[in-house]
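> Sequence:
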Amino acid sequence: MLEKQVRHYFSEKLGTVGISSDPYGLEMTSVFILASFITAGLSYLVMHHLIVRTVNNVLQKTNQPLRESLSKYNVFGKLSLLVPFMVLDVFIPLAIGHYALLSKIVDRVLSIIILSIIIWMIFALLDALNDIAGKKGITRKMPIKSFVQLIKLFTFFVGVVVSMSILANESPLIFLSGLGVATGFVMLVFKDTILGFVAGIQLSANQMISLNDWIQMDSHGVNGAVEEISLTTIKVRNFDNTVSMLPAYALVQNAFINWQGMSDSGGRRIMRSVNIDVTSVRFMDDNEIESLKNIRILRQHIFEKTREINDYNETLDDEKDPGNTRKMTNIGMFRAYLNAYLRANKDIHQYMLIMVRQLQPTAQGLPIQVYAFTCNTDWAYYEGVQADLFDHIYSIMPLFGLRPYQQFTSHDAACMTSV
Numbered sequence: 001m002l003e004k005q006v007r008h009y010f011s012e013k014l015g016t017v018g019i020s021s022d023p024y025g026l027e028m029t030s031v032f033i034l035a036s037f038i039t040a041g042l043s044y045l046v047m048h049h050l051i052v053r054t055v056n057n058v059l060q061k062t063n064q065p066l067r068e069s070l071s072k073y074n075v076f077g078k079l080s081l082l083v084p085f086m087v088l089d090v091f092i093p094l095a096i097g098h099y100a101l102l103s104k105i106v107d108r109v110l111s112i113i114i115l116s117i118i119i120w121m122i123f124a125l126l127d128a129l130n131d132i133a134g135k136k137g138i139t140r141k142m143p144i145k146s147f148v149q150l151i152k153l154f155t156f157f158v159g160v161v162v163s164m165s166i167l168a169n170e171s172p173l174i175f176l177s178g179l180g181v182a183t184g185f186v187m188l189v190f191k192d193t194i195l196g197f198v199a200g201i202q203l204s205a206n207q208m209i210s211l212n213d214w215i216q217m218d219s220h221g222v223n224g225a226v227e228e229i230s231l232t233t234i235k236v237r238n239f240d241n242t243v244s245m246l247p248a249y250a251l252v253q254n255a256f257i258n259w260q261g262m263s264d265s266g267g268r269r270i271m272r273s274v275n276i277d278v279t280s281v282r283f284m285d286d287n288e289i290e291s292l293k294n295i296r297i298l299r300q301h302i303f304e305k306t307r308e309i310n311d312y313n314e315t316l317d318d319e320k321d322p323g324n325t326r327k328m329t330n331i332g333m334f335r336a337y338l339n340a341y342l343r344a345n346k347d348i349h350q351y352m353l354i355m356v357r358q359l360q361p362t363a364q365g366l367p368i369q370v371y372a373f374t375c376n377t378d379w380a381y382y383e384g385v386q387a388d389l390f391d392h393i394y395s396i397m398p399l400f401g402l403r404p405y406q407q408f409t410s411h412d413a414a415c416m417t418s419v
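In UniProt numbering, the protein residues as written are 1 to 419.
Hints were generated in silico from the structure; no laboratory data involved.
Among the hints, a few may not be true.
[Stated by the list, open to error] Below, in silico cross-link-like pairs of lysine-lysine (DSS-like), each with a Cα-Cα straight-line distance of 30 Å or less:
#: 1; residue 1: 72; residue 2: 136
#: 2; residue 1: 104; residue 2: 145
#: 3; residue 1: 305; residue 2: 327
#: 4; residue 1: 104; residue 2: 136
#: 5; residue 1: 152; residue 2: 136
#: 6; residue 1: 145; residue 2: 78
#: 7; residue 1: 104; residue 2: 135
#: 8; residue 1: 136; residue 2: 235
#: 9; residue 1: 78; residue 2: 104
#: 10; residue 1: 191; residue 2: 235
#: 11; residue 1: 293; residue 2: 305
#: 12; residue 1: 78; residue 2: 136
#: 13; residue 1: 152; residue 2: 78
#: 14; residue 1: 235; residue 2: 305
#: 15; residue 1: 346; residue 2: 293
#: 16; residue 1: 135; residue 2: 293
#: 17; residue 1: 135; residue 2: 152
#: 18; residue 1: 235; residue 2: 293
#: 19; residue 1: 152; residue 2: 72
#: 20; residue 1: 293; residue 2: 327
#: 21; residue 1: 145; residue 2: 135
#: 22; residue 1: 235; residue 2: 152
#: 23; residue 1: 145; residue 2: 235
#: 24; residue 1: 235; residue 2: 72
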């Protein structure tokens with residue numbers, strides 16, 4: 001009724017200036033369409049000013065990270081874009097209402113556009129929330145992006161169903177009723193997505209992986225830091241600066257090493273052996289023992305060991321055969337020295353396990369293993385401490401009359417020939 005009154009009013013006014021007075025003529029329809037677009041444009045400008053600027057000013061005074069994230073993804077800009085299309089959805093069908101078929105088509109197209117903008121706005125809001133969570137460090141322990149992508153997927157699916165119902169002018173329930181038939185197809189198409197989502201929940205619930213964790217997965221050639229955890233993939237930047245993309249379910253189905261525990265502990269393990277030539281292992285005489293007393297960190301050990309051995313040997317009475325008595329060995333003294341050296345080293349973590357032990361002898365000699373932890377987990381620092389330690393070990397061995405094992409080389413052959 002209102003439409004007719006408005007059309008007749010404008011028809012009379014336009015008739016006075018020589019324009020066709022037919023209320024439903026092409027000229028009048030064009031005027032209504034033009035007026036609808038002008039109204040929509042004005043509504044956009046007003047809403048953009050009111051929403052975007054007002055909200056930004058309010059958030060600027062209260063929550064800077066929230067404002068930055070919402071501005072980054074233009075959430076309120078998309079909200080203000082929704083208003084003009086809602087205006088068009090109201091006025092355009094009135095302007096062309098006498099063209100029944102065209103009016104239905106335009107109305108459905110505008111409805112789908114409005115729905116698309118709403119979904120677009122929801123996506124932007126989810127991205128902004130994910131960005132805020134990242135700034136607050138929440139994503140460090142929980143892969144929020146996986147849940148964001150799942151909500152996006154669900155929202156997109158709902159949008160598709162509603163769009164189809166709008167085009168067909170049917171209830172969305174009719175399309176949902178056929179979902180059971182399409183389940184097999186959906187499972188096939190979204191297999192990786194479903195597996196990735198389930199794997200993402202397992203990874204998150206069990207705290208198996210977080211952003212910036214150092215992981216190693218030899219089966220996939222991965223060794224680096226986790227940069228991104230999404231619904232279906234894990235992005236890892238390897239130490240050679242290459243990037244690996246892993247399916248999330250691969251981390252559940254296959255074994256991998258997460259080195260983050262080592263980084264968080266504050267100590268990085270040294271576990272390396274030096275092979276001793278067994279032909280250089282022997283008892284030490286009194287002069288050698290006396291000379292080793294000059295090593296400050298060995299004095300207490302020599303004193304205690306000498307007293308222990310003497311007390312034992314005194315119980316043997318007249319059985320002083322070398323096979324019955326106890327004596328100090330150069331390799332035993334060497335192990336004691338290494339243990340004392342590690343405990344006096346400021347680069348070695350003193351509250352973690354420190355151990356020097358013998359391993360099973362092999363054809364390459366007798367392994368003496370150093371087991372300790374550095375005070376810092378930085379890679380370069382760790383390698384420097386480890387290198388300095390074994391530089392010292394190899395250099396100090398001759399002082400104990402020990403030789404490192406080395407396979408026969410051409411240089412050794414040349415030396416033998418010259419002799």
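> All the hints need checking, so say for each whether the structure fits it.
Hints, verified against the model:
Distance hint between residue 72 and residue 136 is fulfilled; the C-alpha atoms sit about 16 Å from each other, no more than 30 Å. Taking the CA atoms of residue 104 and residue 145, the gap is about 39 Å. The hint is violated against a cut of 30 Å. Under the criterion of a C-alpha separation no larger than 30 Å, the hint pairing residue 305 with residue 327 is consistent with the structure, at around 9 Å. Annotation: proposed proximity of residue 104 to residue 136 is violated, straight-line Cα distance about 48 Å (limit 30 Å).
Taken as a hint, the residue 152 and residue 136 pair is honoured in the structure, with Cα atoms around 22 Å apart against an allowance of 30 Å. Taking the CA atoms of residue 145 and residue 78, the gap is near 21 Å; set against the 30 Å cutoff, the hint holds. A distance of roughly 47 Å separates the Cα atoms of residue 104 and residue 135; the hinted pair therefore is violated under the 30 Å criterion. Annotation: proposed proximity of residue 136 to residue 235 holds, straight-line Cα distance about 21 Å (limit 30 Å).
A distance of roughly 26 Å separates the Cα atoms of residue 78 and residue 104; the hinted pair therefore holds under the 30 Å criterion. For a cut-off of 30 Å, the pair hint linking residue 191 to residue 235 stands: about 19 Å separates their Cα positions. The straight-line distance between the Cα atoms of residue 293 and residue 305 is roughly 12 Å, inside the 30 Å bound, and the hint therefore holds. Among the hinted pairs, residue 78 with residue 136 is consistent with the structure: their alpha-carbon atoms are about 25 Å apart, no more than 30 Å.
Restraint check: the Cα-Cα separation between residue 152 and residue 78 comes to about 16 Å, which is no more than 30 Å; the hinted pair holds. Simply put, residue 235 and residue 305 have alpha-carbon atoms about 56 Å apart, too far for the 30 Å limit, and the pair is violated. Among the hinted pairs, residue 346 with residue 293 is consistent with the structure: their alpha-carbon atoms are about 23 Å apart, no more than 30 Å. Under the criterion of a C-alpha separation no larger than 30 Å, the hint pairing residue 135 with residue 293 is inconsistent with the structure, at around 59 Å.
Annotation: proposed proximity of residue 135 to residue 152 holds, straight-line Cα distance about 21 Å (limit 30 Å). Simply put, residue 235 and residue 293 have alpha-carbon atoms about 57 Å apart, too far for the 30 Å limit, and the pair is violated. For the hint pairing residue 152 with residue 72, the CA-to-CA distance comes to about 18 Å; that is within 30 Å, so the pair holds. This hinted pair checks out: residue 293 and residue 327 have alpha carbons roughly 16 Å apart, not beyond 30 Å.
With a C-alpha separation of about 13 Å, the suggested pairing of residue 145 with residue 135 holds against the 30 Å cut-off. In summary, the hint linking residue 235 to residue 152 is supported, as the alpha carbons are separated by about 20 Å, within the 30 Å threshold. Our distance criterion of 30 Å between C-alpha atoms is met by residue 145 and residue 235, whose separation comes to about 12 Å. Between the alpha carbons of residue 235 and residue 72 the distance comes to roughly 23 Å, so the proposed pair stays at or under 30 Å and holds.
The earlier numbered hints that this structure contradicts are 2, 4, 7, 14, 16 and 18.
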